[in-house]
Amino acid sequence: MTDLHAADPPVDAVTFLVVDAGDCTWGIEAAQVESVRDPSDAEATVDAGRLGVPCDPAASPRVVRLHGTPPASVVVRGRLAIVTVPRADVQQLPALLTASPRHRAFSSIVLADDHSFLVVDADALRGSC
Amino acid sequence: MEPAHLPDGPARRAARPVLPLQLGDVWIAIDPTLVQEMLGARSWVRVPGAMPQLPGVLSWRSRAIAVLELGDLLGLGGRASGTPARTVVARVADCTFAFFVDTAREVRTIDAAAIGPPHAVSGRFVTQELSLDNKVMPLVDLAAVIDVVARTAGGAG
Chain Z
355 MTDLHAADPP VDAVTFLVVD AGDCTWGIEA AQVESVRDPS DAEATVDAGR LGVPCDPAAS
415 PRVVRLHGTP PASVVVRGRL AIVTVPRADV QQLPALLTAS PRHRAFSSIV LADDHSFLVV
475 DADALRGSC
Chain W
-15 MEPAHLPDGP ARRAARPVLP LQLGDVWIAI DPTLVQEMLG ARSWVRVPGA MPQLPGVLSW
45 RSRAIAVLEL GDLLGLGGRA SGTPARTVVA RVADCTFAFF VDTAREVRTI DAAAIGPPHA
105 VSGRFVTQEL SLDNKVMPLV DLAAVIDVVA RTAGGAG
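Protein chains in written order, with the working numbering: chain Z, 355 to 483; chain W, -15 to 141.
To be clear, the hints were calculated from the coordinates, so they are not data collected in a lab.
Cβ atoms here follow ideal geometry from the backbone N, Cα and C, with glycine treated the same way.
Some hints could be false.
Said to hold, decoys possible - The following label-pair restraints were derived from C-beta to C-beta distances:
hint : chain 1 : residue 1 : chain 2 : residue 2 : range
1    : W       : 24        : Z       : 367       : 27 to 33 Å
2    : W       : 36        : Z       : 433       : 23 to 29 Å
3    : Z       : 364       : W       : 100       : 56 to 62 Å
4    : W       : 91        : Z       : 466       : 29 to 35 Å
5    : Z       : 364       : W       : 90        : 42 to 48 Å
6    : Z       : 440       : W       : 127       : 46 to 52 Å
7    : W       : 119       : Z       : 411       : 30 to 36 Å
8    : W       : 96        : Z       : 411       : 34 to 40 Å
9    : Z       : 411       : W       : 102       : 30 to 36 Å
Stated by the list, open to error - Listed next, the stretches of chain Z that the computed footprint assigns to chain W, with coverage defined by at least 3 CB atoms under 8 Å from CB atoms of chain W:
hint : segment
10   : 435 to 446
11   : 460 to 468
To be verified - Here are some chain Z residues pointing at chain W (derived, C-beta under 10 Å):
hint : residue
12   : 417
13   : 454
14   : 472
So here's chain Z without its partners, still in its complex pose (with noise of 0.2 Å):
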């Protein structure tokens, strides 16, 4: 189980949980991430590449539990990393990429020098469960 929490960020950073999909690197922030697990037949899950977020189908499946009510589980493939980023490179998407209803999904992104990945929104998330 990855520990998303071992380590609180400054106040002037976020923490997210990144998937590296192949052709597309995104993540969440890891506040809002319960746990990351192995598949169980107990949970109720849904696949991520069906709410229009990337995933790499060679890649093992994950299982992402988000906090908050209603609770939601959601399938990733991809490579699991914890990125840590000032804040001020966590920047909004342009309205004209978000006018369009497959990048509901996406609220913001990260560009750095060293790391530029898209932000799943995890409201858009849970609602899509």
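The hints should help you fit chain W onto chain Z, whose structure is shown.
Here is chain W on its own, set in the frame of chain Z:
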């Protein structure tokens, strides 16, 4: 590039600035007052599932702005080369965006009478053409481009 000839007297008031840009083999001109900044080559991030004409974003002044594939949008056959040398950041209304070009020349001021309906060039968003340095080039209406992109993006499922 030689300085453009400006007529004297009242006609000078009808002079109009244009910014010549090259995409591949094609030259276009735009209204330079829409340009926020001209940058060198910039890296950008592709957004999965995005329209080919609106493929991603880049960071500009600590914000993410849309990247337009202007060559595709115009349908002129011109497209910036694999590693475009210049990045144009422009703004229409409240929409700031970037597109890539191979060459950007200095802003030129030409007699408005030298701008007319398109005859030698055609393409989407081309309502006028002009001749500059023996090149006929379309004057591209970036506001119309953004209007169409915004409506298309909003309907893209």
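### Task
Just pull the numbers of the violated hints for me, sorted ascending.
6, 7, 8, 9 and 12
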